[in-house]
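Student: Produce the entire structure from the sequences given, and follow the hints as far as they go.
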Amino acid sequence: MLLDHLWPKRRIPLAWLLLTRQPGRLLVALAGISFAGILMFLQLGFRDGLFDASVTLHKRFAADLVLVSPRTMSSIAMASFPRRRLVQVMADPDVAGTTPVHWNFLLWRNPQTRSTRSILAVGFEPGDPLFTDAGLVDRTRVLSQRGRVLFDSLSRPEFGPIADWYKQGRTIETEVAGKRVRVAGLVELGPSFGADGNLLTSSETFLQLMPDLPPGSIELGLIRLIPGANPASVAARLKSHLPEDVAIYTKQGFVEFEKNYWRSSTAIGFIFTLGAGMGFVVGSVIVYQILHSDVSDHLPEYATLMAMGYPLPQLLGVVAREGLLLALLGYLPAWLAGQGLYAVIRNGTKLPVAMDNPRSLLVFGMILSMCLGSALMAMRKLGDADPAEIF
Amino acid sequence: MPIPPRSSEVAFTVNSALPPQAPVPDSGNGIVSRHPNGAPHPRQGSAAPGSVGNSPAPSAGQPSLVVRDLQHWFGSGTNCRQVLDRVNLTIHPGEVVLLTGPSGCGKTTLLTLVGALRQVMAGSVQLFGQELNGAGRRERQLLRRQIGMIFQGHNLLRCLSAEQNVQMGADLLPGLGYRARRDLARQWLRAVGLGDHLGKLPHDLSGGQKQRVAIARALAAQPQLLLADEPTAALDSRTGREVVELLQRLARDQGCSVLMVTHDPRILDVADRLVEMEDGRLSEASITGRSLSGSVG
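Protein chains in written order, with my numbering: chain E, 86 to 476; chain L, 142 to 438.
Check the hints yourself; a few may be wrong.
[Claimed, not checked] Some chain L residues judged to face chain E by a derived CB distance under 10 Å, without partners named:
1) Cys300
2) Gln305
3) His338
4) Leu339
5) Leu342
These are computed hints drawn from the structure, not numbers from a lab. No experiment lies behind these values; they were computed from the predicted model shown. Heads up, the beta-carbon is just placed ideally off N, CA and C, and yes, glycines get one too.
Tutor: Below is the structure:
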C-alpha cells in the first residue's frame, strides 16, 4: 500500500526476469563481463603499480625540495652535480637543512650462489635525515663504521636469503662492486621498477666502493625547509640564484618527474592501456552478442507488447535496463577477483598494487559504458519487431 | 476487505443487453476500497472508455468499429496485389462477429488494419469514433491500448508467470497502483478458471490454459474491442469450444465487441453475426438453422 505511493510507476521487473529466467545465458554473460573487468583491473593495476613502484624511494625522502643534475632523466640514470650547490642552498633563510645523497647501481654478489646482480646503492652521511620515518635514522648510525651496509629486506630474492640469514644471527659478508661489505642491518624499502633491490650505506663507504667518482660530486640533494615556507616559491628563488648545472624540483614534482619518465619514455603505459582496451572490446562483443540474441529470441514477445499498446521507448528501456543489470552483476565478481589478483601480484612481484577508488570507478565506468553501448546496439534489432507480423 | 468473487459469474455480471456504461456492482469486489486515490473502479474504467483513452465515450448507438470502402495492397508496381477490395463492416458494442473465409483471402490483413497495427491506405476505419486513416504511429499505439488481441499462438511472455503475463495487460491501465493491477490480474485469471495456476510459467501450462491466460491478458487491459485470430487453431475441439465460450461470455460481460477470425465450423454458433470474406470482399453470411441471440449465455 505504502509502496504504491512511493513508487506509483512500479511495474513487473521485465528486464530482470528476462535475464534471470535464462540462467545459463546470464551466467555466460556475467562470466564474460567479469572476465573483461578482471582483465581491465589486471592491466590497469600493473600499469599503476609499475608507475607507483618507480617512486617507492622518492616518496620516502625527507625533503621539501630536491636538487638533481639537469642531465638526470630518471632514477636509473642519475647524473652527478657539484656538492657545492647544496652548500649554496643553505644560504637561503627558508632552508632548514640539506642531505647530500650518492645514488648509483652497483653489482651485488649473492653470497649463496655467488652470482652478481645490479642493486641500487644509496650513500649518505649516517645520522642525516634521509627518509621520513624517524626510526630509520637511528638504525643508520651503524653505517658510520666503514664497509657496512643496510640491506633492503624487501629486495627480490635473487640477491640471496640476506634477511633470513640476518634474522638467524649469521654474519653476512659479500662483495659489492668487487669490494667486501658486511650487512649491518635490515631496512624495509621495497623494490622499484628500476631497482630490484636497495642497500643503504655511508658516503664514505660509497666512495670506497666507487673510487673513480670525482670528489665533491653527488647525485641527489635533499633540501628541507623551515615550517611554513612555501616550497614552490623557495624553489623559484633558489633556481634564480643557482647556476644552470642543477635542476630543482619540489618533492611532488620529483615524484611526477620520475613517473613521467616511465610513462612517456617507455612502452609500459601504452602496453597496459592497450591491454585494458582489449578487455573492453572483448567484453563489449560478449555483451552485445548476449543482448542481441536475447532481443532476437524475444522478438515476437516484444512485438506482442507493441501490439498491446506498449510504446517502443518503454521496450527500449527494458533492453537498457538489461544492460545496466548486467553491468552491476558483472562488476561485483570482477572487483572481488581483482582484489585477489592484486594480492597475488603483490606477493609474486612485490609491486605496490592495490585496489584504489579511482581505478575501481574507472573500471566500473568502462563496464557500464560497455554494457550500455552494447544495449544501444542491440536496441536497433528491436526496430525489426513489427506488430503487424504477429497475427 | 471484501472477499473477491469466487466465480466469474459473480465478478462480471454485466448484462450483455445493457450499454457498456453499466458499471459492475461494487459489492464483492475489493479493488475500490483498496485503491489509494479513490480513482474510478477499474471496471468502471472499462465501461467508460473516456477514462482509458482519449476517445469520447460511445453512446449506446455508436458502433465500436466502422469500416468503409477499405482497400489494401501489398507490393508495388507490377507486383502490386490487392488484398482488400472495398470492405465495409460495422460492429456495435457487445457484438460478437465471426469472420470466415479461405486462407489467403485477406482476413488477417483486415484484422491488422482494424487493430491499428498497419497504416490504412485507402478507405476509412473508425475505431470508437476515431479515424485510423492518416493516424500517426503514436495515435495508433494509444488506440491499441483499447483493443485486446488474442493470437493464434498464445504469444505469452515466456519469462513471466501467468499472473505477470496478465498483469502486463493490466499495467496499461492508467492510475492504478501496482497492488491494484496485480489484484486485477489475479481476478482475471480466476475468471478464466486458472486461479490455481497464478505462478506458473507458460512452459508449464497446457495449450488451452495458455490460451485462457492470453484471453485474461487481453481482457485485463479492459478493451472495447477484442480481435482474435483463430484462437482455437492450436487446441483440440473440446478445449477450443470452452475457450471460445469463455471468450464470448467475458467479452459480453464487459460490453466488449469481438471480431474473431476462425476456420473452426464448430464454434460458429457463438456469433451474433457471421461475415465471410472471399478474394478481398466481405459478405454477410447467412446463418441458417441457428438462433443468433439466444444461443449462448
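Student: Hints first: check each against the structure and report whether it holds.
Tutor: Consistency of the hints with the structure:
| no. | hint | verdict |
| --- | --- | --- |
| 1 | Cys300 | 4 Å, holds |
| 2 | Gln305 | 5 Å, holds |
| 3 | His338 | 17 Å, violated |
| 4 | Leu339 | 13 Å, violated |
| 5 | Leu342 | 8 Å, holds |
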